Amino acid sequence: MVPLWAYLLVAAALFCLGMYGVLSRRNAVAVLMGIELMLNAVNINLVAFWRYLEAQTMNGQAFVAFIFVVAAAEAAVGLAIVISIYRNRRSVVIEDVDIMKW
Amino acid sequence: MQDLCGIGNLAKCFVNMGASRDLAQFFALLLSVIATATVPLITVIFLIYIERKIAARVQDRIGPNRVGPFGLLQPVADAIKLLIKEDITPLGADKLIYNLAPIIAFASIVLLWAVIPYTPEHVGADLGIGVLYFMAVGSIVTVKVMVGGWASNNKYALLGAFRTIAQLLSYEVPLVLALIVPVMIAGTLRMQGLIEAQQGMWFVFMSPIAALTFFIANLAEVGRAPFDLIEAESEIVAGYNIEYSGFKFGMFMAGEFIHAFTICVLTAVIFLGGWSGPFAHEVPLLGFIYIGLKTAAVYVFMLVLRSTVPRIRIDQVMAFNWKFLVPLSIVNLLSIATVLFVARALGLNPPPELATDFVANLPRTILLLLANLPAIALALNIIRRWTRHQRQLEGSGLAARHPQPAALTLPAGD
Amino acid sequence: MFEFNAQTIAFLVLTLFVLGGALGVVTTRNLVHATLYMVLSLFGVAGFFVLLSAPFLAAVQVLVYIGAISILIIFGVMLTRSMTHLRHVHNAQWVASGVVTSLLFVLLMVGIILPVWGVNGAQTPTEVADVVADTAVMGQLLVSPNGYVLPFEVASLLLTAAMIGAIVIARDDE
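Residue numbers (my numbering), protein chains in the order written: chain A, 1 to 102; chain B, 1 to 414; chain C, 1 to 174.
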């Protein structure tokens with residue numbers, strides 16, 4: 001089998017790419033996509049650790065299932081907020097939505 | 001490596017011919033993939049002929065009868081016509097995505113055939129998650145619609161795509177809820193496991209509501225009449241694939257035909273017992289005949305529905321789904337779960353050694369059917385009241401718009 | 001180290017999908033393209049799950065991410081259509097964030113390759129069990145009182161709350 005560190009390396013790279021997207025993109029929808037990538041990186045890690053260290057039980061996969069739930073909820077609410085902002089301010093650029101900043 | 005029935009022999013054959021083990025397995029798998037994917041491709045040619053012939057009969061026409069004996073070569077002529085048509089890419093279209101959409105459309109449908117068991121021994125891949133695989137691959141269809149509609153750079157295509165997505169996503173809910181019922185009764189997600197559990201009694205008798213919900217929701221997923229408003233040639237030109245022509249349009253169309261056929265096969269597998277029938281275990285090849293017959297029955301039913309039922313409006317489609325199908329399937333799911341529990345507590349489940357026996361399955365089936373009856377009665381009652389309400393609405397609206405002259409009313413007794 | 005077999009080839013191809021798709025997501029100007037890159041990336045992750053003998057999760061990944069979340073995001077992109085082609089894709093701090101994430105990646109890489117945090121399982125070739133628990137075990141685990149029944153219920157509550165919240169936030173209040 002492919003060694004465990006290979007999976008972890010890919011997951012780390014995916015996490016960092018997603019984080020770069022979150023930190024640097026201006027469009028809020030693109031930021032949400034970055035968050036999805038980060039969550040997926042976590043999922044890869046969980047499943048890889050489960051397969052290599054805990055394959056007899058199902059705990060690792062159960063965690064991933066819960067992350068799916070959270071990701072779905074996050075995407076739904078996040079996009080609803082984005083659309084609501086767009087409706088009110090005609091923009092989804094994150095710097096334009098700084099009314100709470102002081 | 002899991003043992004693939006039949007394929008294993010082929011690999012051994014290759015090894016005997018002098019190939020290395022890995023290479024032999026690779027080629028055996030490749031051949032089986034090609035074989036599995038070719039079945040729907042060949043079938044679709046005949047499906048188009050059958051579909052046109054049956055639609056013609058329903059509409060009191062003869063149907064295709066010019067090309068070849070009985071018009072059998074008509075689909076071939078159609079295909080050639082499609083292929084030599086000009087391939088247009090609209091200005092401003094997103095070239096890459098525009099060309100990608102037909103491929104996704106076709107591939108996602110063909111992928112479904114990987115898990116369909118034809119006989120006890122012949123199945124592409126008897127995945128442990130067969131039913132879930134079907135749902136997952138089926139959900140790729142929404143991507144193709146969105147992508148195709150967006151890339152065409154045409155407002156009708158985009159509107160059609162939005163309409164289609166709304167319908168596809170909504171009807172996935174009752175589809176899943178209906179699929180859970182057979183999974184719950186059989187206690188497995190494997191397709192072969194579902195069929196094994198139906199040796200004694202088909203699931204359609206245990207839960208007719210689930211079978212009907214599954215079929216209706218699938219009709220909506222495929223976009224067949226009465227749910228064909230996502231294409232609605234007479235209203236929004238063609239929906240999401242309006243800009244496609246030639247070969248790419250052919251891929252969309254063939255994909256839809258295959259999808260329609262695939263859901264018939266799946267209905268036959270999940271609710272009508274698939275390949276099960278007399279001597280199916282002793283002579284596996286009989287399974288092809290059984291599953292073919294069952295599929296044909298469902299398919300002809302779908303075609304007759306298509307040519308007799310009018311198209312319904314988008315608001316009706318949505319209302320029917322969310323206000324009727326979803327509550328009904330939730331009630332059905334809960335009642336089946338309860339009854340299964342009760343049946344187990346009362347010891348009405350067939351003993352394992354008699355699981356394939358018809359009589360041993362009867363008590364549980366009768367109990368499940370009894371649980372279904374109130375739901376069926378309630379559903380029929382709701383439909384009756386709703387249609388009556390609609391009829392009265394229409395009637396009063398008509399009367400207001402077109403007051404009937406007294407002389408034109410039909411004489412009584414006509 | 002790597003043996004040259006079908007699994008390794010599959011792993012490399014999927015890595016290409018995952019990381020290439022992710023790179024597309026963070027750099028493409030056209031957001032619809034970015035979403036499709038994300039679909040590619042998530043498809044690769046589903047492939048990883050298959051490789052790691054978790055077919056159930058792979059199917060759910062395709063169902064949830066590709067069938068639902070990516071469609072949601074495409075909808076979000078299209079409803080905010082004037083924002084699809086921004087002139088400046090990245091904000092002013094993109095260099096800083098690039099440096100920070102690169103440093104983080106280097107740090108993670110060191111942690112993975114060298115056993116800094118004591119997880120030597122990551123480095124040494126571990127004995128991988130051939131017997132893997134199947135989906136039925138997971139079903140029982142999710143609803144058993146000794147397993148995850150409470151998180152399971154909370155998760156379903158969360159989904160319901162998120163659904164209601166999304167509807168309330170996104171609807172037009174007349």
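Heads up, some of the hints might be wrong.
[Stated by the list, open to error] Residues on chain B that point at chain C, a partial pick, calculated with CB under 8 Å: (1) 97; (2) 99; (3) 103; (4) 127; (5) 128; (6) 129; (7) 143; (8) 326.
[Stated by the list, open to error] Quick partial rundown of chain A residues pointing at chain C, CB under 8 Å, derived from the structure: (9) 12; (10) 27; (11) 37; (12) 72.
[What the hints assert, rightly or not] Residues of chain B clear of chain C, computed beta-carbon distances all greater than 10 Å: (13) 15; (14) 225; (15) 385.
The hints are simulated quantities; they were obtained by calculation from the structure and are not laboratory data.
Quick caveat, the model's predicted, so the values are computed rather than measured.
All residues carry an ideal CB built from backbone N, CA and C; glycine is no exception.
To see whether the hints hold, each was checked on the structure:
1. 97: holds, 7 Å
2. 99: violated, 13 Å
3. 103: violated, 13 Å
4. 127: holds, 7 Å
5. 128: holds, 6 Å
6. 129: holds, 5 Å
7. 143: holds, 6 Å
8. 326: At about 13 Å, which exceeds the 8 Å cut-off, the nearest Cβ of chain C leaves the hint on residue 326 of chain B violated.
9. 12: Since chain C brings a Cβ to about 4 Å from residue 12 of chain A, closer than 8 Å, the hint holds.
10. 27: With Cβ-Cβ at 6 Å, under 8 Å, it holds.
11. 37: Check passed: Cβ of residue 37 of chain A comes within 5 Å of chain C, closer than 8 Å.
12. 72: Holds, about 6 Å.
13. 15: holds, 17 Å
14. 225: Holds, because the least Cβ-Cβ distance between residue 225 of chain B and chain C comes to about 25 Å, which exceeds 10 Å.
15. 385: Given that every Cβ of chain C is farther than 10 Å from that of residue 385 of chain B, nearest at about 28 Å, it holds.
In summary, the structure is inconsistent with hints 2, 3, 8 from the numbered list given earlier, while agreeing with the others.
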